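One line per chain: the protein sequences are A, B and C, in this order. The numbering of the first sequence is the numbering used here, which starts it at 1 and goes up by one. The numbering of the second sequence is the numbering used here, which starts it at 1 and goes up by one. The numbering of the third sequence is the numbering used here, which starts it at 1 and goes up by one.
For the record, the hints were derived by calculation from the structure and aren't laboratory data. Keep in mind that the hints are not guaranteed to be accurate.
Simulated restraints on C-beta separations [what the hints assert, rightly or not]:
# : chain 1 : residue 1 : chain 2 : residue 2 : range
1 : B       : 67        : A       : 31        : 19 to 29 Å
2 : B       : 93        : A       : 318       : 47 to 57 Å
3 : C       : 76        : B       : 96        : 53 to 63 Å
Anything over 10 Å on all C-beta distances counts as not near chain C; from chain B, calculated [claimed, not checked]:
# : residue
4 : 2
5 : 49
6 : 70
7 : 148
Predicted model, so just to flag it, every value in this text is computed and none were measured. Positions of the beta carbon are idealized from the N, C-alpha and C atoms, including for glycine.
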Amino acid sequence: MSALSDYRRREESITMSSEPVGMGETHELLTLNIGPHHPATHGVLRLIATLEGEVVRDIKPIIGYVHTGIEKTAEQKSYWKAIPVVERMDYLSYYFNAMAYCGAVETLLGIEVPPRAQYLRIIHLELNRIMSHLVWLGTSALDLGAMSMFWYCFRERETILDLFEMSSGQRMHTRYFQVGGVIEDIPAGFARNVQRFIDEMPSRADQYADLLEKNEILLSRLRDTCVLDEQTLLGWGVTGPLLRAAGNPWDLRKAAPYSSYDHFDFRIPVGTVGDNYDRFRVRHAELYESTKIIQQALNGLPEGPHIVEDRKVALPPRHELATSMESLIHHFKLVTEGFRVPEGECYYPIESPRGELGCFVRADGSAKPARVHMRDPSFVNLQATAPMVKDAYIADLIATLAMVDPVLGGVDR
Amino acid sequence: MPDQTGLEALAQQLSEALAGSVLATSHAHGRAEIQIAPEQNVAVLAWLRAQGYSFLASLHGVDYYPHEPRLGVIYELLDMRNVDRVSVKARVSTDEPSIASVLELWPGADFPEREVYDMFGVRFDGHPDLRRILMPEDYEGHPQRRDFPVGGEPVLFTYNETDGYGADR
Amino acid sequence: MEVTRQPDHEFRSRQLMARDMLRGSLEGDDLDRYVEQAVMTTTLDRAVAWAQGNSIYPLTFGLACCAIEMMSIVAARLDIARFGFEAFRASPRQADLIILSGRVSMKMAPVIRRIYDQMLEPKFAISMGACCSSMGVFNNYALVPSDKFMPIDVHVPGCPPRPEALAHGILKLRDKVQGTDREGWRERYGAVGTEEILGA
């Protein structure tokens with residue numbers, strides 16, 4: 001038989017009829033290792049995927065590749081020196097990490113944060129939420145093949161980072177939040193720049209929607225893929241936009257308001273189907289809501305101190321050091337030893353861009369925390385990826401991973 | 001949070017339902033905590049779950065060195081309907097650190113339990129895949145115990161680069 | 001400044017000279033002068049280094065916080081494509097620069113070493129940020145400094161470094177690849193350690 005006729009024979013044997021994929025015993029299982037170095041895993045996540053043809057039967061996430069021992073390091077530092085360390089856990093929502101930790105320490109100390117500090121915190125938290133969602137949107141769109149979204153999202157991200165730099169001097173890991181308030185009042189012109197940004201942001205978000213939501217490829221990759229119902233998600237401990245996409249309006253900003261979130265009027269976007277498209281839509285809609293919160297906080301920004309007056313906790317202003325011996329002593333004491341926190345335990349949950357971020361702090365009466373634990377939403381949410389992608393295509397695995405939005409720094413800590 | 005009386009009432013009901021399960025209660029900084037007997041943890045959590053505390057918000061370990069029993073496993077439970085939190089603490093000693101897994105109540109306890117095992121060495125009986133999660137699998141020791149050294153290396157500067165790890169280059 | 005264009009008489013005469021040379025009628029001093037004007041001599045090594053330094057392909061490899069800042073150097077504000085470094089490759093076999101952007105944990109170090117071994121020569125490494133250069137604020141049980149398991153060409157300080165700092169590090173690497181003598185300040189100043197010896 002000549003080579004040509006063999007080819008013809010094989011060509012004719014191809015039928016165009018579709019068969020159900022992954023059924024029957026003839027299909028072998030294939031174990032595929034994805035990561036830890038893989039561009040679509042958003043960091044150093046490793047997935048052991050069991051495939052049957054192109055269908056994912058099971059995945060096992062293997063984590064710990066950026067385990068930094070931050071919780072242990074925080075135990076070696078005095079309370080206020082641990083703030084920069086915990087900020088580096090979930091590196092896209094550093095203000096939230098600092099907020100959870102400071103909130104826990106403030107609860108243990110029994111400090112009431114002044115209203116101006118609470119409002120300043122909210123402005124920065126919500127800017128951070130927008131920033132985190134922008135990085136998510138840009139990189140997720142990149143995974144789905146929409147290249148230009150990355151540039152648009154990072155353009156707005158740079159604007160937000162400029163604002164952070166203006167108020168604190170750093171782009172990332174700003175350490176702006178301090179136990180008892182914020183480290184410094186906002187500089188002149190900050191409010192104007194924030195105003196300019198939030199005037200612009202809704203129209204930018206509209207542009208993103210125009211780019212993505214009329215894209216047939218993106219829609220067919222997201223719609224009705226990897227649906228998981230609300231009860232299953234709750235069993236897996238999932239919170240945040242993933243839970244809201246499944247129809248549960250659980251948001252700690254509304255349910256248990258902290259840092260005067262109850263002063264603001266905003267809505268909680270909720271999905272109806274619980275598929276990847278809803279996860280995308282919920283986060284996208286949160287961009288607008290965060291903008292609204294910032295606008296209200298900026299308009300209603302109260303006058304007053306930006307940090308508590310208690311000199312045992314907050315550093316005295318610089319000019320007092322030259323005139324007051326007492327201030328000098330407080331300053332010396334704070335910088336060398338730090339403040340002592342009475343014995344106790346506290347769990348302080350807040351709503352981070354990814355879900356419930358809880359900080360557990362145990363104080364043993366000394367100037368260093370005896371235990372700091374972050375309940376990071378990425379760590380818990382990542383578990384739900386396996387039930388989500390079961391019996392889905394491997395292309396949907398990439399899309400789902402993008403929509404789950406795990407930040408590996410938060411997963412591994 | 002349940003207030004002081006609410007917590008006492010809850011603990012009272014709990015100890016009536018499961019004799020000997022409640023060891024202590026504490027209410028401080030707006031946080032209600034029930035300390036339970038570690039061998040009854042699954043029963044207690046199932047009971048609390050039926051009372052409405054149906055969401056396991058967090059599961060983490062604590063080392064109470066030098067107090068005995070040293071290790072603590074803390075379950076932060078959340079009642080989403082009434083927006084109410086209660087924490088359940090079980091203390092185990094380092095000699096026989098084991099407690100039953102709550103995976104059958106909440107599948108989401110999988111990673112947190114593995115983390116507590118990895119960092120504190122508490123074995124969770126009934127966990128199907130109890131391996132190290134964050135540290136390499138051949139690692140020895142449980143790094144977040146308080147008697148574990150924090151580790152680290154001297155930072156290389158030009159004055160000490162000849163006697164550090166770069167000396168052979 | 002006003003720019004006016006002068007008719008290039010030089011150009012016409014060089015054209016004629018080139019025609020003469022091709023005909024073979026250019027001889028002696030005229031030929032020497034022509035060759036000196038028209039030919040740039042260099043060694044092959046230098047030419048290769050010039051090309052190499054201007055077209056480095058980095059590896060798409062992010063570890064932690066610094067990876068986000070590494071992403072922003074390809075974004076619009078600090079477009080690294082201006083220097084020819086924008087072609088990020090996902091496979092280590094196609095890349096010749098690995099940027100260690102973030103903290104290197106004990107579990108990750110063997111993986112990184114393996115990725116580095118898979119890269120083809122010539123290959124370069126930038127250690128970005130304090131964590132992977134010196135373990136930074138987290139000097140603890142979980143981390144490994146990157147110098148310990150692989151050679152690093154450029155360390156970029158910062159936590160995380162600004163994108164500009166990383167771009168500066170990349171340009172320093174380009175200088176190193178091209179062999180331009182801007183590094184080696186210690187030899188140049190005769191310095192031992194961090195102090196300078198004046199008059200050496």
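Status of the hints after comparison with the structure:
Between residue 67/B and residue 31/A the C-beta distance comes to about 46 Å, which lies outside the given range of 19 to 29 Å. With their beta carbons about 50 Å apart, residue 93/B and residue 318/A fall inside the hinted range of 47 to 57 Å. Distance hint check: the CB atoms of residue 76/C and residue 96/B are about 59 Å apart, consistent with the given range 53 to 63 Å. Separation of residue 2/B from chain C is adequate, the least Cβ-Cβ distance of about 38 Å exceeding the 10 Å criterion.
Look at residue 49/B: its CB is around 34 Å from the nearest CB on chain C, clear of 10 Å, so calling it non-interface holds up. Distance check for residue 70/B against chain C: the nearest CB is about 19 Å away, which clears 10 Å, and the non-interface claim stands. For residue 148/B, the condition that its CB be more than 10 Å from all CB atoms of chain C is violated, with the nearest at approximately 7 Å.
Violated hints, in rising order: 1, 7; the structure is consistent with all others.
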